[in-house]
Structures are given as structure tokens and as C-alpha cells.
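Given the coordinates of chain A, work out where chain B should sit on it, guided by the hints.
2 protein chains.
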Amino acid sequence: MIIDFDKIPEVRQVGFKGGKGLLDTRNYIDDKVKIMYSTLHPGASTGIHSHDENCEVVFVVSGELSFHYDGKVEVARAGQVHYCSQGHSHYMENLTDHDAVYFAIVPEHH
Amino acid sequence: MIIDFDKIPEVRQVGFKGGKGLLDTRNYIDDKVKIMYSTLHPGASTGIHSHDENCEVVFVVSGELSFHYDGKVEVARAGQVHYCSQGHSHYMENLTDHDAVYFAIVPEHH
Chain A
2 MIIDFDKIPE VRQVGFKGGK GLLDTRNYID DKVKIMYSTL HPGASTGIHS HDENCEVVFV
62 VSGELSFHYD GKVEVARAGQ VHYCSQGHSH YMENLTDHDA VYFAIVPEHH
Chain B
2 MIIDFDKIPE VRQVGFKGGK GLLDTRNYID DKVKIMYSTL HPGASTGIHS HDENCEVVFV
62 VSGELSFHYD GKVEVARAGQ VHYCSQGHSH YMENLTDHDA VYFAIVPEHH
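Here the protein sequences come in this chain order: A and B. Residues 2 to 111 in the numbering used here are what the first sequence spells out, letter by letter. Residues 2 to 111 in the numbering used here are what the second sequence spells out, letter by letter.
These are computed hints drawn from the structure, not numbers from a lab. Don't take each hint at face value.
Rough simulated footprint, nothing fancy, chain A against chain B, three-plus residues with beta-carbon under 8 Å [what the hints assert, rightly or not]: (1) 18-26; (2) 73-84; (3) 92-105.
PhoX-like cross-link-like pairs, simulated, lysine-lysine; straight-line CA separation at most 25 Å [stated by the list, open to error]: (4) A:Lys73 <-> B:Lys35; (5) B:Lys33 <-> A:Lys33; (6) A:Lys35 <-> B:Lys33; (7) A:Lys73 <-> A:Lys21; (8) B:Lys8 <-> B:Lys35; (9) A:Lys33 <-> B:Lys73; (10) B:Lys21 <-> B:Lys73; (11) A:Lys73 <-> B:Lys8; (12) B:Lys21 <-> A:Lys33; (13) A:Lys73 <-> A:Lys18; (14) A:Lys18 <-> A:Lys35; (15) B:Lys35 <-> B:Lys21; (16) A:Lys33 <-> A:Lys18; (17) B:Lys18 <-> B:Lys33; (18) A:Lys35 <-> A:Lys8; (19) A:Lys73 <-> B:Lys33; (20) A:Lys8 <-> A:Lys33; (21) A:Lys21 <-> A:Lys35; (22) B:Lys21 <-> A:Lys35; (23) B:Lys73 <-> B:Lys18; (24) B:Lys73 <-> A:Lys8; (25) B:Lys35 <-> B:Lys18; (26) B:Lys33 <-> B:Lys8; (27) B:Lys73 <-> A:Lys35.
Examples of chain B residues toward chain A, derived with CB under 8 Å [claimed, not checked]: (28) Met2; (29) Ile3; (30) Asp5; (31) Lys33; (32) Val34; (33) Ile36; (34) Met37; (35) Gln87; (36) Glu109.
The structure displayed is predicted, hence computed values, not measured ones. Glycine included, each C-beta is placed from N, C-alpha and C at the ideal position.
Okay, chain A solo, but in the shape it has when bound (with noise of 0.2 Å):
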């Protein structure tokens, strides 16, 4: 099947589990995976959050985006992915002063 994201409504996010400023975001979901087109604000970061029975893969579109993972910072860039494998806890902040657009995968490994 084709995910296009502009025919997706956009949600705007406050504070993603339990972070701060502003995360627009368009989802595809179903029972085994979570599919994301989504823009961090300047400013902007989740809250930690653990990927037990799952991971998460984030592609960088544009801008850049700093992680917390594994009890170190790790910058991704528009071309690069941040990988949380299975098992691990992290979360993003946008140090940045412009937008940071980001794909990203939750697939269950279950």
C-alpha cells in the first residue's frame, strides 16, 4: 500500500511524552507497525521514553536532531538515522533554531 503523508491530517503534539514545545506529526498505524512524517520545533524534545517489545528507526529529512541514548548525546543529520534498538530508552531535542523533519518506524517485534 501507498502512506501519503500529505493526505494524512496533521497533529500538533505539546509536550510528547512528557517533553516540551511543539511536535507535528502524521501517522500510519496498525497492530505492527507505527509509520511517522513529523516536524520537531526549535526548542522542542520528547520525554524518555523505553522501546521494550519494540524499536525505533529515525531517518533525518531535514534540519538535525540531538539524542539522548544509552547515557550519551548523538547528533543525526538530514541522510542519517538514529536507531534505538530493542530494549533501550531514549529521547530527541531539536537544539536547533529552525524546523527538524524526521521518518520514523516503531515496528513491533512480536
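Frame of chain A, contents of chain B only:
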């Protein structure tokens, strides 16, 4: 972790999975996911294959790809996604005269 495709050597596949033409791909693989950044050349295709214990999510970065899925042909253009859910089979073709670049994930659902 960060996956920087610029640091992963590109591998050229000829006739991937029984298809035809050229596929250049840079892959990160562990026991739970395959994460791929690939270019399907003009006129190239993959062979048909099934996803029995996993799925495949393909995000088109540039160009367009034609997917044969469940007996139909569907086209994904830059910014769009083709999703082959678990238990289905598919293959893709580049019917254009320019490269199709895509980011794909094959997560294991077990």
C-alpha cells in the same frame, strides 16, 4: 546509535532477488532490522519476494518507484511510502529514466 550511510560502503547488486538491472545499496543489519539506503537504477527491478515474518517500509527520497503489490501496481514518489505488511509479497521497478533513491526498513516481527 547513529547510522551514517556515508560511512557504509556501497554494494552493487545485479538482478537483486531475481530482478534485473542495478541496485546500489548501503545496509545496516542486526538480528531485528535491516536498514537500507539504496538507489534503483532506471529500468531495474527486484524479483518478487514475500515477507512472511517481517514487513518492509520504503520511504522514497527522490525519483519514483512502481510497486507490484497484491496484484496491483502502485507508484510511490519522493516523500511517499510503500508498505508491504507481514504475509504479503511484492517487487519494485524503476520505470523512469532517472535514479530512484529510497530508505527502507525490514523489521522482524518476532
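Hints not upheld, ascending by number: As far as the earlier hints go, 1, 3, 12, 22 and 34 are violated by this structure, in ascending order.
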